[in-house]
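Asks: Chains A, B and C, in that order, are what the protein sequence lines are.
Under our numbering, the letters of the first sequence match residues 1 to 269, in that order.
Under our numbering, the letters of the second sequence match residues 1001 to 1269, in that order.
Under our numbering, the letters of the third sequence match residues 2001 to 2269, in that order.
These are calculated hints, taken from the structure and not from any lab test.
These figures come from a predicted structure and were not determined experimentally.
One or more hints might be untrue.
[As the list claims (entries may be wrong)] Computed, partial: chain A to chain B, Cβ under 7 angstroms:
1) 22
2) 101
3) 184
4) 242
5) 252
6) 255
[Said to hold, decoys possible] Below 30 angstroms or equal to it, Euclidean Cα-Cα: the simulated DSBU-like pairs (lysine-lysine) are:
7) B:1109 to B:1082
8) B:1154 to B:1109
9) C:2226 to B:1226
10) A:109 to A:82
11) A:154 to A:143
12) A:82 to A:263
13) B:1154 to A:226
14) C:2261 to A:226
From the three backbone atoms N, C-alpha and C, an ideal C-beta is built for every residue, glycine too.
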Amino acid sequence: MDWKLWEQIANIHPLIHQITNVVTVNDCANITLACGASPVMADALEEAAEMAAASNAVVLNIGTLRQEQLEAMAQAGESANKRGVPVVLDPVGAGATRLRMEAVDRLLKRVRFSVIRGNASEIGTLCGQRSGRGVDADEDGLKSLLPAIRDLAKTLQTVVAVSGPVDYVTDGKREAYVENGTPLLTRVTGTGCMLTAVIGCCLGAGIDPFHAAILSLAAVGIAGEKAEASLSNREGIGTFRVRFFDEISRMNSDTLEQAGKVKLLEKPV
Amino acid sequence: MDWKLWEQIANIHPLIHQITNVVTVNDCANITLACGASPVMADALEEAAEMAAASNAVVLNIGTLRQEQLEAMAQAGESANKRGVPVVLDPVGAGATRLRMEAVDRLLKRVRFSVIRGNASEIGTLCGQRSGRGVDADEDGLKSLLPAIRDLAKTLQTVVAVSGPVDYVTDGKREAYVENGTPLLTRVTGTGCMLTAVIGCCLGAGIDPFHAAILSLAAVGIAGEKAEASLSNREGIGTFRVRFFDEISRMNSDTLEQAGKVKLLEKPV
Amino acid sequence: MDWKLWEQIANIHPLIHQITNVVTVNDCANITLACGASPVMADALEEAAEMAAASNAVVLNIGTLRQEQLEAMAQAGESANKRGVPVVLDPVGAGATRLRMEAVDRLLKRVRFSVIRGNASEIGTLCGQRSGRGVDADEDGLKSLLPAIRDLAKTLQTVVAVSGPVDYVTDGKREAYVENGTPLLTRVTGTGCMLTAVIGCCLGAGIDPFHAAILSLAAVGIAGEKAEASLSNREGIGTFRVRFFDEISRMNSDTLEQAGKVKLLEKPV
Chain A
1 MDWKLWEQIA
11 NIHPLIHQIT
21 NVVTVNDCAN
31 ITLACGASPV
41 MADALEEAAE
51 MAAASNAVVL
61 NIGTLRQEQL
71 EAMAQAGESA
81 NKRGVPVVLD
91 PVGAGATRLR
101 MEAVDRLLKR
111 VRFSVIRGNA
121 SEIGTLCGQR
131 SGRGVDADED
141 GLKSLLPAIR
151 DLAKTLQTVV
161 AVSGPVDYVT
171 DGKREAYVEN
181 GTPLLTRVTG
191 TGCMLTAVIG
201 CCLGAGIDPF
211 HAAILSLAAV
221 GIAGEKAEAS
231 LSNREGIGTF
241 RVRFFDEISR
251 MNSDTLEQAG
261 KVKLLEKPV
Chain B
1001 MDWKLWEQIA
1011 NIHPLIHQIT
1021 NVVTVNDCAN
1031 ITLACGASPV
1041 MADALEEAAE
1051 MAAASNAVVL
1061 NIGTLRQEQL
1071 EAMAQAGESA
1081 NKRGVPVVLD
1091 PVGAGATRLR
1101 MEAVDRLLKR
1111 VRFSVIRGNA
1121 SEIGTLCGQR
1131 SGRGVDADED
1141 GLKSLLPAIR
1151 DLAKTLQTVV
1161 AVSGPVDYVT
1171 DGKREAYVEN
1181 GTPLLTRVTG
1191 TGCMLTAVIG
1201 CCLGAGIDPF
1211 HAAILSLAAV
1221 GIAGEKAEAS
1231 LSNREGIGTF
1241 RVRFFDEISR
1251 MNSDTLEQAG
1261 KVKLLEKPV
Chain C
2001 MDWKLWEQIA
2011 NIHPLIHQIT
2021 NVVTVNDCAN
2031 ITLACGASPV
2041 MADALEEAAE
2051 MAAASNAVVL
2061 NIGTLRQEQL
2071 EAMAQAGESA
2081 NKRGVPVVLD
2091 PVGAGATRLR
2101 MEAVDRLLKR
2111 VRFSVIRGNA
2121 SEIGTLCGQR
2131 SGRGVDADED
2141 GLKSLLPAIR
2151 DLAKTLQTVV
2161 AVSGPVDYVT
2171 DGKREAYVEN
2181 GTPLLTRVTG
2191 TGCMLTAVIG
2201 CCLGAGIDPF
2211 HAAILSLAAV
2221 GIAGEKAEAS
2231 LSNREGIGTF
2241 RVRFFDEISR
2251 MNSDTLEQAG
2261 KVKLLEKPV
């Protein structure tokens, strides 16, 4: 694994256009800055395509949908595709309601994604296996899902990244497991959205989709581990969240090399 | 007071559907997680009713209204009522503009609430006594409002919780005063909204509305007190806010028992 | 420079009505409280004008535009103008898309602003010199822009405040440079929006536009300097952001007098 790739974000300082949800939009902008990239969060229909065309990567996140915003996402994605700007999708809560399933279908029909990042429940829904229960994921079913996930990656010619206790990344041929992270990351809202934003930063810095996903999963997981390790027993989730941002802003290739727990499999098992 | 009820949130891990304002939506999601529940913030008209039906409690907050969102709130509330899912209302800034008064009227006509939580100014407006001055409340008038508040609770068959220097809770018959808290809580945006979200967590965990309101007022007040006590003289409102989240995430029945200042009156005084 | 003016915010405790973007709306509300003022963030078309009329100052920020919100901004501005309530404009990303340029044009036609605050790229766009590149600014061109900025201030009869490595303020006749700040402020989202909110707090407290802009630039810059100086080498951007809020909440005229780096020029150079 070439951990030096991470440094490209700060060196290239890419502009990352994000159409995302109102819950975590501030966190996504801040994590983008913390990585060394520059965020722009423009979701108006009138400017989405124009902004996407001027960006180095586009992040689409369906966490809180409005019809107009969904069309803005599709147009931003198409505009990016036309110009070779990479696009990453976060299908938040994909299995939870019909609206979200239809939204994902519509985006997949109109936009080619370099990476799709979700939890096991969301990615399972994209594989045709709806599970429900809002945004939270049941991660037990990951193993049984693997063949379907590989098929999904092949069919859509994309990289699929499944975050969970152990993260999984595949482009349909190559595979990787990332074992960094802590359950505390699930106790803060937006860590999934932020992970997808970090993938956007990597893509915008010219890193290939497969390694962009792996790097991002490792970086976010390691930042979580370090933030947790720093907590005194009087501190809790508020301090954890602050230190998480501290650690992302201090992340570099040495830390990644030292702490990254990645298993790369060149062929499907 | 049975403080052990608090533990039910983490044990049951309820899903709390919240249609709320864009100012504090991130804080509300994070406080929900900090309590041990799971948030979903879906405000699109197309999915609000569906999401409410799949949730353990629904939180409606009119802090930043759009017409479409107001209709989503009404439909989410009706959907919850149909299935016995408890609903809590936060009538933010109810007295400040006509739009907000009409919004509250419309919601009260279509939805039955288990709890309504506001400051004295907002609850006074619901009692027909408009005071104005935006989101802030004048708390002096609480005493003179008590009879009207009890009537409101009886008429709407709901629990009314009035937060302020001393908090007041009534279901029209029983009453309680909660004396926890610190003025610093009014120096951070969203502490009222978060309080309402915590009531939603309690309701979603199966706690009855009267005790859900008392528990939440005590928990938020105690967390504020502890956060304030932890501040060095070089720290200010930013650190206070972080420690407040720390304390909520570490809250348990022992702390509540030790620090809770609740006076329960079984009959109206 | 009369630094005592700062204390007027906490003394008068003005109500600041803000129609702003979804990315930093929470930060803007919190900075307003930290300054000692009271925020209300009401962007619905039905109540914007009513709320503006009841406020002590209005802040308009085009960071994330919807058509309806733009009209709400115009109506809030007109309503404020009618009643002598000061209005401040933050033309976020003005040069980045056609939508934003049209939005600024429309607002400038309908509303008279006491202060317009942007970075060099945004203010350059208002001067007719479009530069592009999203929200970030290239600050090198400030010097060559100065004559155009003075003309802009004169034409619009407003105070123009340009934030950057060195900040610049002019009303077309008087000028000031503010040299407080740190590059870390550009690594946190919303510091520009928050700066504009602080200007709103000063205006709402009755401070004249020229000194309101200078005071705010100094206060935000000094808070950034102090927050940076407090960081240990294990801390990063997350802690910086928390301490920034700490410092704003502890800001007073003594600190401003001691640390403020302001050069006032009564005549254009």
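Asks: With reference to the structure, classify each hint as holding or not holding.
Replies: Cross-check of the supplied hints:
1. 22: holds, 5 angstroms
2. 101: violated, 10 angstroms
3. 184: violated, 10 angstroms
4. 242: Because about 6 angstroms separates residue 242 of chain A from the closest Cβ in chain B, which is inside the 7 angstroms limit, the hint holds.
5. 252: violated, 25 angstroms
6. 255: It is violated, given that the least Cβ distance between residue 255 of chain A and chain B is near 24 angstroms, above 7 angstroms.
7. B:1109 to B:1082: Holds, at about 15 angstroms.
8. B:1154 to B:1109: holds, 15 angstroms
9. C:2226 to B:1226: holds, 25 angstroms
10. A:109 to A:82: holds, 15 angstroms
11. A:154 to A:143: Roughly 18 angstroms separates the two Cα atoms, so the pair holds.
12. A:82 to A:263: Violated - the C-alpha atoms of residue 263 of chain A and residue 82 of chain A are around 34 angstroms apart, more than 30 angstroms.
13. B:1154 to A:226: Cα-Cα ~52 angstroms, so violated.
14. C:2261 to A:226: violated, 38 angstroms
The structure is inconsistent with the numbered hints 2, 3, 5, 6, 12, 13, 14, although it conforms to all the rest.
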